[in-house]
Amino acid sequence: MYATVRKEIPKDDYYLLKSCQAGSWYPSIETSLRYVLTTMGANYLDDPRQSSCAGCANHIGVIPFLPIVALNARNMSLASHSGHRNIVCNCPTCYSNLKDCKIILDGDSPMRDRAMAAVEKAGIEYNDSVTINHVAEAFLANLERLQSLAKYSLRGLRAVTHHGCHYTKIYYKEVASGNFERPTLLDRVVEGFGAKVVDYPERSLCCGLGFHHIMLYPDYTQAVTRRKYSGIVEANPDLLVTMCAGCTLSLDMCQEKVLRELGVEKDIPVLNISELIALLLGADPYKMVGIDLHGVPIEPLLKKIGIPGARE
Amino acid sequence: MASRYDLEEGPVKVDPIDERFGPSSGMMRCMQCGKCSASCPAALLFEDFSPRDVMLRAMKGEIESLVMGMEIWRCGQCLSCAARCPRDCSPAGVIQALRIAALRYNPDIDYMRQIEDGVKANLNECAQTILPNTLVLPNELLGPRTRKRYRASAKNRKALGYRAEDSRRVEIPEEDLARIKILLKETDFS
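Line by line, the protein sequences are chains A and B.
The numbering of the first sequence is our numbering, which starts it at 1 and goes up by one.
The numbering of the second sequence is our numbering, which starts it at 1 and goes up by one.
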C-alpha cells in the first residue's frame with residue numbers, strides 16, 4: 001500500500017469554504033455545519049465574499065484551469081488576510097481543487113504568471129499562507145469535544161461510509177485516517193458516536209454522480225449506483241454516511257429506484273457527516289438540519305436514535 | 001453535425017499553459033499496464049472508452065482524434081485511475097485538458113458548450129458555479145416517492161433561509177463580485 005503522509009489537522013481558526021453544490025442541492029449540509037461549528041465554540045468565519053472554487057466545472061470539462069487558479073488565489077487570500085487560516089471545505093472537490101491551485105500558485109509556471117497578473121489587476125493583495133482541510137478532518141480533530149456535547153448516540157446502529165473520491169483519490173497520500181483504498185476518516189468519527197461501522201464490497205467505487213453524467217449519461221449513474229448498493233445491502237446498515245453533497249445527491253436520490261430494482265424493500269437513510277453530527281448535538285431535524293430535503297426519509301432513523309419531533 | 005457556435009480551425013492543439021497535458025505532465029511515463037482501465041467504472045460500462053487507450057493515443061500525439069471523438073466525455077472523473085497508477089500519471093487530468101480543447105474544435109458537443117455558457121453566466125453574475133436550477137435530475141433515475149420529495153426541495157430550501165434561485169444564503173457583496181468579474185475577464189472566461 002502507498003505510504004500515507006501523516007498530517008496535522010488544525011483544531012480551530014477555520015475559514016468556512018462553502019460549496020455551491022451543497023448550497024444548491026442540500027443547503028441542509030451548510031446549516032448543519034454552521035450549527036456544529038457554533039455549538040462546539042469554534043472560531044470560524046462564514047465569509048460572504050468567498051466565491052465558488054469552480055472545481056466541478058473543471059471536472060465536467062467546461063472551464064480552463066487558468067480562471068480557476070485566479071478565483072482561488074482570491075479565496076485563499078481572503079482566508080489568509082482574515083486570520084482564519086485553516087480553510088475547511090464541506091466538498092471534497094473544493095478540497096482537492098484548492099490544493100491543485102495552491103501547488104500552481106506556490107510554483108513557477110506561465111499559468112501562475114497569468115493568474116497572478118489577473119489577481120493584481122483586480123486589486124487583490126495575494127497571500128496563500130493557509131491550510132486546506134475537509135470538515136470531516138476538523139470533526140476528527142475535535143472528536144472529544146464533539147462527543148462531550150452529544151445529546152444522542154448511535155449505539156446499537158450499523159453504519160456504512162462512503163468517502164468522496166475527490167477526497168481520497170486525488171491527494172491520495174494525504175488521507176487523514178486509513179489510506180486511499182481503505183479510508184477510515186468517516187468511520188472513526190461515526191464510531192466516536194457509538195455506531196458500529198460495517199464493511200461492504202465496492203467501498204471505494206464512485207457514487208455514480210460523474211457531475212454531468214447524472215444528467216446526460218444517466219446510464220452511468222444507474223449502473224454505478226446499482227453496483228454500489230448491491231454491496232451496501234449485503235452489510236444491512238441502518239444508515240449511510242457521506243462527506244460530499246454530490247455523493248449525497250446520487251446515493252440519496254437514486255436509492256429508491258435502485259433498491260426496488262434489486263428487490264430490496266427497505267430504505268437506507270443517507271446523511272452527510274455534518275447533518276449527522278448536528279442531529280446528534282441536538283439540532284432541530286427540520287428547521288436546522290432540513291431532513292425533508294432528502295430523497296430517502298430520515299424519520300425512521302431519528303426514531304432509532306431516539307431523537308424526538310419526527311413528523312409522521 | 002454543424003455547431004451553432006463559432007469554432008476554431010485546426011490544427012487541433014491543447015493550450016500549452018495547461019500542464020495536465022504534454023511532456024511536463026508526466027503523461028509520457030505511462031507504460032500501458034491498464035490498471036486505470038481495470039479500476040474505471042466508466043470503462044466497465046462504455047465499450048468505446050478506456051483510459052489506457054486515451055493515454056496511448058495521447059502519448060502518440062493523436063490529439064485530433066481524441067478531441068474530435070466522444071470517448072473523452074465518458075469519464076466520470078472519479079480519479080481512481082490517478083490514485084492507482086503505478087507511475088503517478090493522471091488519465092483523468094489528461095481528459096480534463098482534452099475536454100477544454102474539444103470545446104474549441106469539436107462541432108458535436110454543443111450541449112457541453114451550453115453547460116459552459118451556464119457556468120460562465122453563473123460565475124459572472126453571482127460568483128457561483130452551480131445554482132439550484134443548473135442540474136436537474138432526470139425522472140428516470142428517481143423512484144415515485146423520491147420524485148415527490150425532490151419536487152418539494154425548492155419549498156424546503158426556502159424554509160432553511162435559502163432562495164430558490166441561489167446556492168448561497170447571503171449574496172456576495174457588489175465590490176467583491178466586481179473583482180471576480182475582473183479575474184474572469186483577465187483569464188478569458190467572461
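Accuracy of the hints is not assured; some may be wrong.
Restricting the straight-line Cα-Cα distance to at most 27 Å, the calculated cross-link-like pairs of lysine-lysine (DSS-like) are [unchecked claim]:
1) B:Lys60 - B:Lys13
2) B:Lys185 - A:Lys304
3) A:Lys173 - B:Lys120
4) A:Lys99 - B:Lys158
5) B:Lys120 - A:Lys121
6) A:Lys11 - A:Lys151
7) A:Lys121 - A:Lys11
8) A:Lys151 - A:Lys7
9) B:Lys181 - A:Lys102
10) B:Lys35 - A:Lys287
11) A:Lys102 - B:Lys185
12) B:Lys35 - A:Lys99
13) A:Lys287 - B:Lys120
14) A:Lys303 - B:Lys120
15) A:Lys173 - A:Lys303
16) B:Lys185 - A:Lys287
17) B:Lys120 - A:Lys102
18) B:Lys155 - A:Lys99
Partial pick of chain B residues on the chain A-facing surface, computed with a CB cut under 10 Å [stated by the list, open to error]:
19) Asp48
20) Met59
21) Lys60
22) Arg149
23) Gly161
24) Val170
Source of the hints: derived by calculation from the structure; they are not laboratory data.
The C-beta atom is built at its ideal place from N, Cα and C for all residues, glycine as well.
For each hint, the structure was consulted:
Taken as a hint, the Lys60 of chain B and Lys13 of chain B pair is honoured in the structure, with Cα atoms around 14 Å apart against an allowance of 27 Å. Pair hint Lys185 of chain B plus Lys304 of chain A does not hold up; C-alpha atoms about 53 Å apart against a cutoff of 27 Å. In summary, the hint linking Lys173 of chain A to Lys120 of chain B is not supported, as the alpha carbons are separated by about 33 Å, beyond the 27 Å threshold. Simply put, Lys99 of chain A and Lys158 of chain B have alpha-carbon atoms about 33 Å apart, too far for the 27 Å limit, and the pair is violated.
Note on Lys120 of chain B and Lys121 of chain A: the hinted pairing holds, with a Cα-Cα distance of about 20 Å set against a maximum of 27 Å. Only pairs whose Cα atoms come within 27 Å are accepted, and Lys11 of chain A paired with Lys151 of chain A is accepted, the gap being roughly 22 Å. Taken as a hint, the Lys121 of chain A and Lys11 of chain A pair is broken in the structure, with Cα atoms around 35 Å apart against an allowance of 27 Å. For the given pair, Lys151 of chain A sits about 30 Å from Lys7 of chain A by alpha-carbon distance, which is inconsistent with the 27 Å threshold.
Restraint check for Lys181 of chain B and Lys102 of chain A: the C-alpha separation of about 21 Å stays at or below 27 Å, so the hint holds. A distance of roughly 47 Å separates the Cα atoms of Lys35 of chain B and Lys287 of chain A; the hinted pair therefore is violated under the 27 Å criterion. With a C-alpha separation of about 21 Å, the suggested pairing of Lys102 of chain A with Lys185 of chain B holds against the 27 Å cut-off. Between the alpha carbons of Lys35 of chain B and Lys99 of chain A the distance comes to roughly 25 Å, so the proposed pair stays at or under 27 Å and holds.
Using a Cα cut-off of 27 Å, the hinted pair Lys287 of chain A and Lys120 of chain B is violated, with the two alpha carbons roughly 33 Å apart. For the hint linking Lys303 of chain A to Lys120 of chain B, the alpha-carbon distance of about 44 Å lies beyond 27 Å, and the restraint is violated. Annotation: proposed proximity of Lys173 of chain A to Lys303 of chain A is violated, straight-line Cα distance about 39 Å (limit 27 Å). With a C-alpha separation of about 40 Å, the suggested pair Lys185 of chain B and Lys287 of chain A falls outside the 27 Å cut-off, and the hint is violated.
In summary, the hint linking Lys120 of chain B to Lys102 of chain A is supported, as the alpha carbons are separated by about 23 Å, within the 27 Å threshold. Proposed proximity of Lys155 of chain B and Lys99 of chain A is contradicted: the alpha carbons are some 35 Å apart, above 27 Å. Taking 10 Å as the C-beta cut-off, the interface hint given for Asp48 of chain B is violated, the closest approach to chain A being about 12 Å. The beta carbon of Met59 of chain B comes no nearer than 20 Å to any beta carbon in chain A, farther than 10 Å, and the hint placing it at the interface is violated.
For Lys60 of chain B, the interface hint is violated, since its Cβ never comes within 10 Å of a Cβ in chain A; the closest pair sits about 22 Å apart. The beta carbon of Arg149 of chain B comes within 5 Å of a beta carbon in chain A, closer than 10 Å, and the hint placing it at the interface holds. Taking 10 Å as the C-beta contact cut-off toward chain A, the hint placing Gly161 of chain B at the interface holds, the least distance being around 7 Å. A least Cβ separation of about 4 Å between Val170 of chain B and chain A falls short of the 10 Å threshold, and the interface hint therefore holds.
In summary, the structure is inconsistent with hints 2, 3, 4, 7, 8, 10, 13, 14, 15, 16, 18, 19, 20, 21 from the numbered list given earlier, while agreeing with the others.
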